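Protein chains in written order, with the working numbering: chain E, 3 to 291; chain V, 7 to 346; chain U, 129 to 522.
Hints listed in this document are in silico derivations from the structure and should not be mistaken for laboratory results. As the structure is a computational prediction, the values presented were derived from the model and not from experiment. The beta-carbon is built from N, C-alpha and C at its ideal position, and this holds for glycine as well. Among the hints, a few may not be true.
As the list claims (entries may be wrong) - Straight-line alpha carbon distances no greater than 20 angstroms define the calculated SDA-like cross-link-like pairs of lysine to any residue that follow:
{"hint": "1", "chain 1": "V", "residue 1": "Lys131", "chain 2": "E", "residue 2": "Ala91"}
{"hint": "2", "chain 1": "V", "residue 1": "Lys312", "chain 2": "U", "residue 2": "Lys429"}
{"hint": "3", "chain 1": "U", "residue 1": "Lys288", "chain 2": "U", "residue 2": "Ala454"}
{"hint": "4", "chain 1": "U", "residue 1": "Lys159", "chain 2": "V", "residue 2": "Gly311"}
{"hint": "5", "chain 1": "V", "residue 1": "Lys131", "chain 2": "E", "residue 2": "Ile280"}
{"hint": "6", "chain 1": "V", "residue 1": "Lys131", "chain 2": "V", "residue 2": "Val241"}
Stated by the list, open to error - Part of the chain U face toward chain E, derived, beta carbon under 7 angstroms:
{"hint": "7", "residue": "Ile175"}
{"hint": "8", "residue": "Gln335"}
{"hint": "9", "residue": "Ser339"}
{"hint": "10", "residue": "Asp340"}
{"hint": "11", "residue": "Pro343"}
{"hint": "12", "residue": "Pro363"}
{"hint": "13", "residue": "Glu375"}
{"hint": "14", "residue": "Val392"}
{"hint": "15", "residue": "Glu395"}
{"hint": "16", "residue": "Gly396"}
{"hint": "17", "residue": "Leu400"}
{"hint": "18", "residue": "Asn402"}
{"hint": "19", "residue": "Gly403"}
{"hint": "20", "residue": "Pro413"}
{"hint": "21", "residue": "Ala468"}
To be verified - A short list of chain U residues far from chain V (calculated; beta carbon distances all over 10 angstroms):
{"hint": "22", "residue": "Ala242"}
{"hint": "23", "residue": "Asn305"}
{"hint": "24", "residue": "Ser307"}
{"hint": "25", "residue": "Glu463"}
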Amino acid sequence: MEQILANGIYLGAQYAMIALGLTLIFALMNVLNFAHGQLYVLGGFVTYTFYGQFGLPFVVALAMSCLTLAIVGALLERYLFGPVIRRSAREESTMLLAAAIAFLLDAIILLVFGEKQRGVPKIVDGVFNWDFRVIMPYDRILICFLAILAIVAFISYMQFTKTGRALRALAQDRTAAQLMGVDTARYSMIGFALGAMLAGLVGGLLVTITGVNLGMGGPTSVKAFMMVMIGGAGVISGAIAGGIILGFMEAIGLAVLSQYGDITYLLIFISLMIFLAIRPQGLMGKPWG
Amino acid sequence: MSVAGESRSTGMRHGINRRTLVGVAVFLLAVFVVIPLLIAASGRTDFYYTLTSVALLSIASAGVWLMFYIGRINIGQGAFALIGAYVSAILVTKAGMSFWLSLPIAGVFAAGVAVLIGLPILRLKGVYFAMISLVLTQVVTLAALALPITNGAKGITSIPLPGEVSILGLTLIPDFATMENSRLAFYYTACVLMVLTFAAMYRLVNSRLGHICRSMQQNEELASSIGINIAYIRVIVFAISSFLGGIGGAMFGAIAQSVYPSSFQVADSINFMLNCFLGGLGYVFGPMLGTLVLYFGWDLLFESGKYQLLIYASLLIFLMLVLPNGLLSIRLDRLRRTHR
Amino acid sequence: MYRRTIIKGAAVALASLALTTAAHAENDTLKIGFVGVTSGPAAAWGISNVRSMETRAAWINEIGGVQIGDKTYDIEIVTFDDQKDPKRAIAGMEKMAQEGIRYVVGPNVDDGAAAVRPVAEANGIVYFPYAFPKELYSPPASNAVLGMVANYQSGPAIYKYLMESKGVKTVAFVAANESDPLSQRDGGVMAANALGMEVVSDNVTYQVDTSDFTPVITPVIRTQPDLLVLSGVSPAHAPQLIRSARELGYEGLISTETAQDATVLREGAGELANGFISVGGASTPEIASDAMVEFVDRYTKMFGEYNDESNTKVYALEYILETIRANPQAIDDVEVFKAAMDDFEAPNPFMKGNAALKYVGMTSFGQKRQVAVPLVVNVYRDGAFETLFVAEVD
Chain E
3 MEQILANGIY
13 LGAQYAMIAL
23 GLTLIFALMN
33 VLNFAHGQLY
43 VLGGFVTYTF
53 YGQFGLPFVV
63 ALAMSCLTLA
73 IVGALLERYL
83 FGPVIRRSAR
93 EESTMLLAAA
103 IAFLLDAIIL
113 LVFGEKQRGV
123 PKIVDGVFNW
133 DFRVIMPYDR
143 ILICFLAILA
153 IVAFISYMQF
163 TKTGRALRAL
173 AQDRTAAQLM
183 GVDTARYSMI
193 GFALGAMLAG
203 LVGGLLVTIT
213 GVNLGMGGPT
223 SVKAFMMVMI
233 GGAGVISGAI
243 AGGIILGFME
253 AIGLAVLSQY
263 GDITYLLIFI
273 SLMIFLAIRP
283 QGLMGKPWG
Chain V
7 MSVAGESRST
17 GMRHGINRRT
27 LVGVAVFLLA
37 VFVVIPLLIA
47 ASGRTDFYYT
57 LTSVALLSIA
67 SAGVWLMFYI
77 GRINIGQGAF
87 ALIGAYVSAI
97 LVTKAGMSFW
107 LSLPIAGVFA
117 AGVAVLIGLP
127 ILRLKGVYFA
137 MISLVLTQVV
147 TLAALALPIT
157 NGAKGITSIP
167 LPGEVSILGL
177 TLIPDFATME
187 NSRLAFYYTA
197 CVLMVLTFAA
207 MYRLVNSRLG
217 HICRSMQQNE
227 ELASSIGINI
237 AYIRVIVFAI
247 SSFLGGIGGA
257 MFGAIAQSVY
267 PSSFQVADSI
277 NFMLNCFLGG
287 LGYVFGPMLG
297 TLVLYFGWDL
307 LFESGKYQLL
317 IYASLLIFLM
327 LVLPNGLLSI
337 RLDRLRRTHR
Chain U
129 MYRRTIIKGA
139 AVALASLALT
149 TAAHAENDTL
159 KIGFVGVTSG
169 PAAAWGISNV
179 RSMETRAAWI
189 NEIGGVQIGD
199 KTYDIEIVTF
209 DDQKDPKRAI
219 AGMEKMAQEG
229 IRYVVGPNVD
239 DGAAAVRPVA
249 EANGIVYFPY
259 AFPKELYSPP
269 ASNAVLGMVA
279 NYQSGPAIYK
289 YLMESKGVKT
299 VAFVAANESD
309 PLSQRDGGVM
319 AANALGMEVV
329 SDNVTYQVDT
339 SDFTPVITPV
349 IRTQPDLLVL
359 SGVSPAHAPQ
369 LIRSARELGY
379 EGLISTETAQ
389 DATVLREGAG
399 ELANGFISVG
409 GASTPEIASD
419 AMVEFVDRYT
429 KMFGEYNDES
439 NTKVYALEYI
449 LETIRANPQA
459 IDDVEVFKAA
469 MDDFEAPNPF
479 MKGNAALKYV
489 GMTSFGQKRQ
499 VAVPLVVNVY
509 RDGAFETLFV
519 AEVD
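Let the sequences and hints guide you as you build the complete structure.
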């Protein structure tokens, strides 16, 4: 029981972070970013290169991941998403662009970093073992702690800074924000950079535990979509709730249903569909349309 | 847009104008005569399969396009294609049914599933529907892995080729297994199905139902307030969409002579949707062109080796920047008049 | 392009020296195909395949090509990325037929291998899949040749060895929820039961997108098996599963029947991976011949880094070329090739001793439709593989 709780918190924290970046971008630009998982993988590879290959301190590598991804995010918004959104008749068209960017990043990652699974040295050794009731390696505990810290920092940033307030205004009502004198072009770019940076940060954190390979991108995006939908699209608290709920569903499902093996995820998916059919806007989302 | 649609549907009743007729004739001639002749002349027989795939995938994409037409992003077509493939494969291998009979049954079965699932989930809109249909694809893949009737992970293999169809001793469709070139037979079959599909789509879009769909795409509440039973229309459209997915999937099963849980997966569902975007959401023939470019493009880039994906993705992004409303938007004004 | 020019130049120079090819100013080209996955999540499988073929081809071309009958050929590898999609795999096989290619390596997975079968049979192509369904290789199928050792062959050998030498009595299986791993798990369970082992857990599966394996593997560890089998595990998941199992306090043995890469294990699990048993090719120092050492060396030079998975993938091309060399008509007639398979034999250049290249598979398929790759079982220790034992498949 305690183990399920611990696994749930760990999974939930990492999922929530992945979902946060995606939901931020969605809230600001109404873009369902299919390339989010690839951004996450890219973040993992940057940390791998600086920490695993060059032997720089982990914190430096993590900062490099954030910086690289923020730049990539800003460029994507400035030169690709921005122009396409302005010119397309239906805003869903950005899905094709996002998917094409996902392909492009996949191709670049394959050419630059290769096809192999990569891993980095552990940041902390040892395993926390409470009487075999809770077993959790110290590095997982640390990463979980860092993830929660990052989430808190992100929320405070959105809540208490001028940029954060502008971004929230933009997410709430783009036209009104513009009328109130918010520079929408500039803040769209900042928002996208911030979302991509979150993906890079979580990629950099998780590379120390799961390693990274080029195939993780697509499935990560799909999982992130699910979390965002559970919580409600475009709502920050919803993304966190969605991440934690999915984390716990997996932890509980895997523990309780393990003897039925093949059906654990089938049941998770079906209950998701039923939940959404009953509550179409997720837990905290605004009704759509 | 709705005004244009109205005038078009009145136009339909008075007969199709000459230019459209010529266009259709040229298209049919190209598909059924010119392309096979060109392939025979150039010896590029591998294009038969590629073009067959394009035809079948565009049928499934047409279903997705129809969902866009009522304002729903459907990322679940892979699920229905997989259902269709399995229904046909099971009927042919376990019940010994003729493939040609199993083909419509596969489509109807997929449509039936769509009606059952559609009633609750079609209330969802925007990204919520997109996401739930995406999950649907995974549900069907996982169910295919877990169920005994689908033979689980081992899939259904060694499916016989489509057999003969004859009425009173007159052979309508010859036995594919005895044919020297079953590729050509599959090509013609797929093209016939594609032509039928798009003819039906064109008719539908220019009918009263199409008019209603357009009004739903713009505002469901408004459509509902003028007395349209939107829940009913949504389910009907979803069923048609899924029927097309089931047909496309069943045909693929017959060509590969095998079906696995991974025959259609999330990536396929996403591709069906992308085909529609690329062709253009505003044009009935958008999915056909989009499929051709996306699928054929990958094959043509085969020479570029390890840079294939890089070039493919870059071209897609470039297309998106130049023509964000789809390939057909390049002739926006003219097509509005002829096809809407 | 530049490199090819140099190689061609070298080939021409060598050819003019050699007596047999003196008449030819330039070699003909023999195309060998590859249809498999070289992008996306499973890219590692196909890429290690393609690269070992390209390495070997470049090497052969550098020393003047391969002599078949009275002609000498340069080898060209034509690759097609099927993106692990059976529909694309069919297109790939059609492309190969179009290019006039008779011998194709791949596809890498079950569904692709089943899907290309009609095309290969219709066009007279012999293909070497890395997929295990017996139906592909048993009559009436006759164009597929299994390119490696199947799990239902290596599994029993490994389990038997561990029962006898390590006293293993109980076994647990974990597999990804996908066609190939699930089929391999079922095969493993059958083999373990047949050997009289007690299977304590065989229904735990994981999604391929799992990012935390601890909850997945906890119920398996609770059953305290002597041996934990990771059925059909991909190289990306193996280190994470090992790490989770060890961190949960598991002390028994861990094994798999797929090929792994030592660097990936070292980076992903470090010393926790010590003692991990997997199936490999012939690159461990105990058995690798000079040719194998040179192959690894050339591969590393050409692509920057070696992949140990290639050890099992170096063979298919060698078999194709050697069989054609022994039967020159087979170069464009696969019926000759198939007829020759029954009693073909040539020395195995990659292994020390007098191992032979020959076709096997009578026991598993009722006809010789498998390459006789030595069943090399490796154990990982501190960043490298050591050979545990070598067996033969019949």
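Review point. Among the hints numbered above, which are violated by the structure, and what are their numbers in rising order?
Key: Structure breaks hints 3, 17, 18, 19, 20, 21, 22, 23 and 24.
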